[in-house]
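Protein chains in written order, with the working numbering: chain A, 1 to 154; chain B, 1 to 64.
What the hints contain is simulated information worked out from the structure, not anything from laboratory work. Careful: at least some of the hints might be erroneous.
[As the list claims (entries may be wrong)] Computed spacing ranges between beta-carbons, pair by pair:
(1) R145/A with R47/B: 24 to 30 Å
(2) E58/B with G37/A: 57 to 63 Å
(3) K2/B with L82/A: 33 to 39 Å
(4) V84/A with A49/B: 41 to 47 Å
(5) R11/A with L51/B: 15 to 21 Å
[Said to hold, decoys possible] 30 Å max Cα-Cα, derived DSSO-like pairs, lysine-lysine:
(6) K6/B with K72/A
(7) K2/B with K37/B
(8) K72/A with K37/B
(9) K6/B with K37/B
(10) K2/B with K72/A
[Unchecked claim] Computed list of chain A residues with no C-beta within reach of chain B, every gap over 12 Å:
(11) T7
(12) G9
(13) V28
(14) L34
(15) I36
(16) V57
(17) A63
(18) A137
Every value quoted in this text rests on a predicted model; they were computed, and no experiment measured them. Idealized CB from N, CA, C, for every residue including glycine.
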Amino acid sequence: MPYKPNTVGERERSNQFVVLWFSVGGAVFSFANLFIGMDNMLSAVAFGSMAGGPLSVAFGTHADEYLQSLLKTGLRWMSAVLGVYLVALFILASGDVANELGYAFGGGGAQREAVGIEALAMNGLTVAIALTLAFYAGFAFQWLRDRWDASEDE
Amino acid sequence: MKNRLKVLRAERDWSQAELAGRLDVSRQAVNAIETGKHDPSLPLAFRIARLFDMRIEEIFDDEL
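I would like the entire structure built from these sequences, with the hints used as guidance.
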């Protein structure tokens with residue numbers, strides 16, 4: 001048998017699933033970290049592990065077609081969250097017009113509240129983590145649903 | 001889509017990992033195809049058919 005360097009075998013392809021589950025953990029940890037604030041070293045590891053999924057979609061060569069179908073589900077979930085986020089931005093931006101009018105007539109409470117919500121929505125880290133979490137949630141949901149349906153069939 | 005992959009694999013006494021290695025996919029992919037949770041692409045369906053020396057429609061049935 002001729003020597004083929006960098007050949008991707010079954011083990012390497014299966015390991016991709018393990019890597020992605022590690023990434024799911026990283027995404028969950030990073031999301032939790034938004035609220036509880038843990039050690040910087042752990043945050044760095046979590047960010048690094050989160051990168052696995054999106055990079056697999058963009059540059060991965062070890063993913064077989066089943067893994068790609070799971071990643072595609074993740075992308076759909078991420079796309080859904082991005083769509084909702086953009087609609088929310090639209091509403092907030094539209095609300096600004098109304099707020100400015102209201103601010104002219106009333107007190108500053110509503111204005112401050114709107115600015116607070118917008119600041120959260122405009123936070124790049126929050127948005128990145130939310131989108132990544134949606135991606136991994138879709139991946140995990142599809143994987144678990146396949147396992148669940150398969151066990152019911154047997 | 002229903003298929004006979006599990007039966008054909010069992011007849012040859014292959015594990016899912018062994019079949020996956022022959023098809024150049026992951027063990028998880030073989031499992032998903034066997035349980036009907038993933039329909040293989042046309043190239044993979046041809047690889048499966050060639051491996052078992054059968055026609056695709058002898059392995060996969062979309063009417064079951």
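These are the hints, each one checked on the structure:
1. Judged by the Cβ atoms, the range 24 to 30 Å given for R145/A and R47/B holds: they are separated by roughly 26 Å.
2. Against the hinted window of 57 to 63 Å, the Cβ-Cβ separation of E58/B and G37/A comes to about 59 Å, which satisfies the hint.
3. At roughly 36 Å, the beta carbons of K2/B and L82/A sit within the given window of 33 to 39 Å.
4. At about 43 Å, the CB distance of V84/A to A49/B agrees with the hint of 41 to 47 Å.
5. At about 19 Å, the CB distance of R11/A to L51/B agrees with the hint of 15 to 21 Å.
6. Proposed proximity of K6/B and K72/A is supported: the alpha carbons are some 26 Å apart, at most 30 Å.
7. Between K2/B and K37/B the alpha-carbon distance is near 9 Å, which keeps this suggested pair within the 30 Å criterion.
8. For the given pair, K72/A sits about 15 Å from K37/B by alpha-carbon distance, which is consistent with the 30 Å threshold.
9. For the hint linking K6/B to K37/B, the alpha-carbon distance of about 13 Å falls within 30 Å, and the restraint holds.
10. Taking the CA atoms of K2/B and K72/A, the gap is near 23 Å; set against the 30 Å cutoff, the hint holds.
11. With 12 Å as the threshold on Cβ separation, the claim that T7/A sits away from chain B is violated: the shortest Cβ distance comes to roughly 10 Å.
12. Here G9/A does not stay apart from chain B, with its beta-carbon only about 6 Å from theirs, under the 12 Å limit.
13. With a closest Cβ-Cβ approach of about 21 Å to chain B, V28/A is found to remain outside the 12 Å limit, as its non-interface label requires.
14. For L34/A, the condition that its CB be more than 12 Å from all CB atoms of chain B holds, with the nearest at approximately 31 Å.
15. Every CB of chain B is more than 12 Å from the CB of I36/A (nearest about 33 Å), matching its label as outside the interface.
16. With a closest Cβ-Cβ approach of about 16 Å to chain B, V57/A is found to remain outside the 12 Å limit, as its non-interface label requires.
17. Some Cβ of chain B comes within 12 Å of the Cβ of A63/A; the nearest lies about 9 Å off, and the non-interface call is violated.
18. Distance check for A137/A against chain B: the nearest CB is about 19 Å away, which clears 12 Å, and the non-interface claim stands.
Hints 11, 12, 17 from the list above are not met by this structure, while the remaining hints are.
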